[in-house]
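Asks: So you can see what is in the structure, the chains are spelled out below.
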Amino acid sequence: MTDAAAHRLYARLLRLYPRAFRDRFGDGMAYAFAHDLRAARRAGRRAMARLWLQTFWHTGLGAVVARWPRLDPPVVPLVLPSDATRRSSMRSSVARDLRDAWRALRATPLITVVAVLSLALGIGANAALFSIVDSLMLRSLPVRDPGRLAVMDDGSWTNPIWESLRAREADIAEGLFAWSGTRFNLAARGEADTVEGLWVSGRMFEVLGVNAVLGRTITPADDVRGGGPDGPVAVLGYGFWQRRFGGDAGVIGRTLTIAGVPYTIVGVAPPEFFGPEVGRRFDVAIPIGTEPLQAGPASILDARSTWWLEIMARLRPGQTIEEASARLDGLRPVLRDETTPQNWVAEARARYMGDDTTLAFVPASGGTSGLRSRYQAPLLALMVVVGLVLLIACGNIANLLLARATARRHEFSVRLALGASRWRLARQLLAESVLLAGAGAAIGLAFAHWTGPLLVSQIARGSSSVRLDLSLDWRVVGFTLGIAAITAIVFGVAPALGASRVAPNDALKTQGRGVAGDGRFTLRHALVVIQVALSLALVVAASLFSQTFARLSTLDLGFDEGPLLVVNAGVPTERVEPAARLPLFRRLVDAAAATPGVASATASFITPVSGSSWNTQIEIPDGPDLDERQRLPMLNYVLPGWFETYGTRLLRGRTIQERDRPGAPLVAVVNEAFVQRFFPDREPIGREVVEPPFRAGESAKTYQVVGVVQDAVYRRLREPVPPTMYLPMAQFQDPPGASIAITVRAAAGQPARLTQGLVAALTREEPDLTLSFRPLTDQVEASLTQERLVAMLSGFFGLLALVLAALGLYGVTAYAVSQRRRELGVRLALGAKPAGVVRLVLGRVGWLVGAGVVLGGALSLWASGYVGSLLFGLPPRDPATFVTAALVLGIVGAAAGWLPARRAARLDPARVLREG
Amino acid sequence: MPRDGGAPGLKPAVFHILLALAGRDLHGYAAIQAVREQSAGRVPLNTASFYRHLNGLLDAGLVAEAPRPSGDDPRRGAYYRTTASGRAALAAERRRLADLVAALDALRPSRRRSS
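Residue numbers (my numbering), protein chains in the order written: chain E, 79 to 994; chain X, 50 to 164.
None of these hints come from the bench; they were simulated from the model. Idealized CB from N, CA, C, for every residue including glycine. There could be a bad hint or two in this list.
Here are some of the chain E residues that sit facing chain X, going by a computed Cβ distance under 8 Å [to be verified]:
id, residue
1, Phe-103
2, Asp-105
3, Asp-114
4, Leu-115
5, Ala-118
6, Ala-144
7, Thr-418
8, Gln-420
9, Val-423
Model the full assembly from the supplied sequences, consistent with the hints where possible.
Replies: Next up, the structure:
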């Protein structure tokens with residue numbers, strides 16, 4: 079750059095200044111710059127670069143300050159160091175603040191460790207829960223432009239509906255796809271090798287905008303009935319590819335046997351793509367069109383009343399969800415024409431896709447998730463709990479820092495007298511808080527990283543397929559930093575304010591000469607009262623949740639699950655005709671019963687608490703007047719001996735027996751709830767239950783009630799036992815499915831140990847069986863996952879809250895005693911009894927706890943209304959729980975106050991007075 | 050003490066500008082050079098920051114414009130000098146620093162020696 083150009087540039091820079099400033103100093107500045115420029119040119123390139131850099135920076139800054147003088151502190155007297163204007167000095171003073179803070183924290187290691195640990199626990203718990211909330215509720219699907227995804231509301235759809243929509247895809251949105259999550263069995267025979275499966279339509283990967291990392295994805299050409307030009311093809315999930323094939327690129331073209339059908343592997347999905355449903359992760363995806371290959375004549379592709387597919391759409395750019403929904407709903411008449419189940423009775427047909435149905439899309443940028451809807455309420459409740467714990471921890475630390483700040487009044491006043499600004503003192507205290515919070519956040523993040531997966535594994539006990547992506551994303555880290563910053567401010571500001579009230583001439587006084595009580599430190603007391611109140615709320619919550627879990631886990635299920643083992647046996651569909659299945663099931667049960675160690679064996683279509691259920695519409699001749707919804711009892715088909723094996727007591731009549739065979743009169747055994755609803759105050763035995771026809775051409779079935787059994791849990795422990803009908807499996811008239819749930823009762827010991835013997839015995843009967851085993855206790859426990867998790871966590875946090883509150887109370891009381899040593903010494907010298915001193919100290923504790931309990935009680939009363947749905951067997955405002963919690967806090971408070979009170983009573987008045 | 054409660058001191062750059070203009074009348078660039086010299090380069094004053102501080106000092110009345118020597122190159126701009134109150138501020142700063150050192154020495158002699 080020539081000198082002339084440099085001067086022109088500088089002149090232009092000067093124009094940044096306001097005119098008055100330029101008029102006054104412009105000449106001088108240009109002159110000075112010219113000299114600097116000449117010197118820099120002589121000194122070389124580096125000096126030149128430095129000159130320009132500094133000139134740009136300082137001129138810009140100077141221009142800003144000249145326009146807004148308030149930004150610049152007055153030259154004299156200076157109140158604040160010019161942080162805003164001088165980078166380097168800011169850096170060094172921040173470093174100095176942090177160094178001083180570090181020294182100060184190291185001087186009181188116990189307080190520091192306690193503070194950092196409580197913060198780490200609080201922040202870590204928040205971060206861990208938030209990472210789950212984040213992956214479950216906040217994150218978008220890792221696909222292209224997730225904001226334009228919408229899912230068809232609500233529930234599942236039949237394949238005929240899907241095909242009819244697919245044909246009109248272009249009329250609705252940019253693209254549509256259907257999928258269904260399921261499990262596939264990769265084992266050709268023997269014990270099942272189940273993986274997470276996904277039936278997908280041809281365009282799923284394309285519509286989502288997901289490309290294969292290896293090979294190709296599934297295309298519409300693959301999704302035709304019976305398979306496309308490449309035959310049946312499969313795309314592997316990335317994790318599965320790594321686990322099973324060690325990430326071998328040669329996997330493309332290899333064969334995978336799914337339910338006995340060979341599929342060619344054509345591609346691997348990218349690592350971040352888990353499928354359209356959050357909380358599940360698919361291992362293998364195959365085209366919907368290949369379903370008939372697996373199911374044969376039992377294929378559900380043309381079944382008009384098998385609802386198994388979910389449908390998602392990608393909207394066109396600019397298209398609203400309402401518009402897409404309107405287009406979808408406009409197709410309802412077409413759907414009705416094309417997909418109405420013809421075998422339904424006329425009344426049901428008339429309602430199908432009728433005018434009281436509306437088809438619509440709902441936003442699906444975050445994907446869909448069964449897990450989300452199930453865990454939303456408990457997760458949010460826990461989020462509040464951990465938030466409160468953090469608040470209590472903050473309260474504690476604020477108190478600790480306040481106490482320290484007060485103890486350091488002398489230091490502060492000396493520093494003030496030496497010319498330190500109040501701002502600097504406050505800044506140092508803030509720096510201490512920032513250090514504490516930073517350390518807490520760092521440890522907390524590590525803690526979250528470790529506990530997050532632990533929490534998920536707890537959730538996953540329910541179904542082994544819960545896989546959440548808990549990697550730290552910007553949202554989790556931002557959240558953690560955010561709460562760390564907020565906590566630093568929350569607990570740092572109080573002591574900082576306190577410090578700025580110190581007067582410099584306090585330095586002239588010796589420390590702690592005052593005789594006054596501690597009445598002026600009301601902030602500390604308020605903090606303790608709030609802590610006690612929040613702790614009470616948490617203890618109440620913990621107690622409510624634990625009682626819920628305790629009640630559920632000791633609930634009389636109506637069967638003894640301990641010795642029972644559930645064996646799910648699948649028969650090869652191509653080899654065993656539907657007609658041959660029931661006899662095969664019988665033979666399998668007999669073989670199981672003959673296995674050593676098995677006391678008895680039976681089978682049913684449904685097993686309790688398995689997640690599946692079956693109900694049917696019934697009518698009771700001369701029965702009570704009940705609407706349709708109330709006439710939907712649960713249903714199960716069982717073999718003779720079922721009640722005996724399960725240990726469900728027969729109350730009257732008889733159980734299902736061998737004589738209830740096809741052709742014999744249809745019979746039913748019902749439970750107490752059934753009797754209560756349908757035969758109140760009447761003798762149930764011998765009465766008739768009518769099942770009206772559902773399909774056209776069928777006739778109504780009439781069952782005779784032959785027995786009443788005790789109520790037994792059907793689907794969920796939480797819900798009241800539903801009215802249930804047990805029917806003989808031998809009288810089941812439709813072709814049975816390809817699998818059966820055999821339940822065996824162990825003669826002694828753990829039922830899981832029977833697995834080996836049962837595999838041998840059952841495969842002798844039919845070598846191509848696929849088998850899976852699960853003790854019924856597992857199934858029951860898994861259904862209580864949510865309650866166990868909530869009880870465990872809220873218990874832990876309740877305890878933590880109690881400890882923190884106790885620490886807080888202890889700290890405040892101990893501090894008050896140390897401040898009042900002189901006063902107490904004088905009292906003792908004047909003849910006060912030690913017991914009186916204890917009373918004096920404890921009286922204040924009692925006042926604090928009392929106020930906290932009242933406040934906390936009110937808070938809990940208000941908050942408990944929101945947790946009602948999470949409780950079982952007790953009201954949210956259970957008086958006993960509230961009273962117990964208040965007592966616990968009272969005892970903890972008394973214990974926390976007792977130690978300092980005792981120390982106060984043991985003061986030696988002579989010594990205290992001499993010291994003073 | 051310049052102010053009740055112990056005000057913090059002057060910024061080094063401001064202190065040096067007052068000092069540079071205390072004994073003599075200087076034009077801007079000469080003042081900048083004087084600061085650079087008397088601080089042995091520890092206060093690397095840029096033209097823009099010099100004029101920013103100068104503006105503040107003029108507003109506060111600690112520095113005033115001085116008459117230009119006759120026959121001087123008009124491109125150099127105005128001449129400046131430290132006023133009486135500027136010199137008072139310098140003196141106060143000097144006392145403040147001395148007190149500080151004395152207080153530190155009295156309070157923490159061991160610390161002083163070790164550092």
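Asks: Hint by hint, which ones does this structure get wrong, listed from lowest number up?
Replies: As far as the earlier hints go, 4, 5, 7, 8, 9 are violated by this structure, in ascending order.
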